[in-house]
Amino acid sequence: MNGVRATQSLMKTFRRARERDTKPHAEVRAAASKNGLLLKLELHSDPRLLSAVRGALERLTEVMGLSAPECRSVTRAVDEALTNIMRHCYGGRLDQPIEVTCSRIRRRGAVGPEEGLEILLCDRGPAVDPAKLRGRPLDEIRPGGLGLHLIRQSMDTVEYRRMRGTNQFRLVKYFNPVKSQPNC
Amino acid sequence: MQILARYINTATIFDVSGDIDLANSPEVRKALLHEVRENRPPRVVMNLSKVRYIDSSGVASLVEGLKASRDLGLRFILFGLSPSAREVLQLSRLLRIFEVYDNEDQALAS
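As they're listed, the protein sequences go chains A and B. Under the working numbering, the first residue of the first sequence carries the number 34, and numbering increases by one thereafter. Under the working numbering, the first residue of the second sequence carries the number 50, and numbering increases by one thereafter.
Please note: incorrect hints may appear among the correct ones.
[As the list claims (entries may be wrong)] Heads up, incomplete: computed chain B residues facing chain A, CB under 8 Å, no partners named:
#1 105
#2 106
#3 141
[To be verified] Here's a subset of chain B near chain A, in silico, CB distances under 8 Å, partners left out:
#4 72
#5 136
#6 154
#7 158
Hints in this document: simulated from the structure, not taken from any laboratory. Even glycine gets a Cβ: it sits at the ideal position worked out from N, Cα and C.
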């Protein structure tokens, strides 16, 4: 229970900070539920669980009405972010905690409200050096260092914060819901 | 994820099925590099038609296979890319550095 309370408190703190910081963008939480929460996953830092998270994200993005390429973009970004957490924040340890929280958000766009999917990834590894979050130039052909680039290409907002011993990666994708069910 | 090798004329074809991600990309890398360095077939062909998803660590394994092949004067060929696999190579600006074909016949006739 203490772990749950700590998580709730952490989320509350982050939400307040985010609302404060994003006010200029006029982001407003959807009225679908009290805080827009759609899905919350808690997992260990075991790479074998990545496919389970991808499956959940594929279904969630389908249900929300994202197009097939958008479904793939969001799934890819979350998968790459989790991979980075497992490799770099936890150094390959398999039993460390990770939380994935997906919420519906809205912002005022130029032609009216825009719907968005926000994914918050939290881990308790050491703080990340912001300089290492820049990624590498793609001009040179070599393996490695592509994950961050793929995340940035796939999402509209990518943010990192360190708060109370927790790394928090916030990813947002804005979209126009499609009526038919896409095949992701 | 499964990776199986078969041999047709001068080519080694790897049939890969399942997703390639952090959990299994080391296995792909190991199989590729072993084949390239130990057996040195003139053509190494990756059949990705049953691979729905490749992450950046999977792409890194393919790049390593390509570089090892080039170092030894071998060809490294991909075919059967899913939309997701094609997108990840495009976003990484790597699609143009690989030899990519739609199917096995085209890959072997090239």
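Which numbered conditions among the earlier hints are violated in the structure presented, ordered from lowest to highest?
6 and 7
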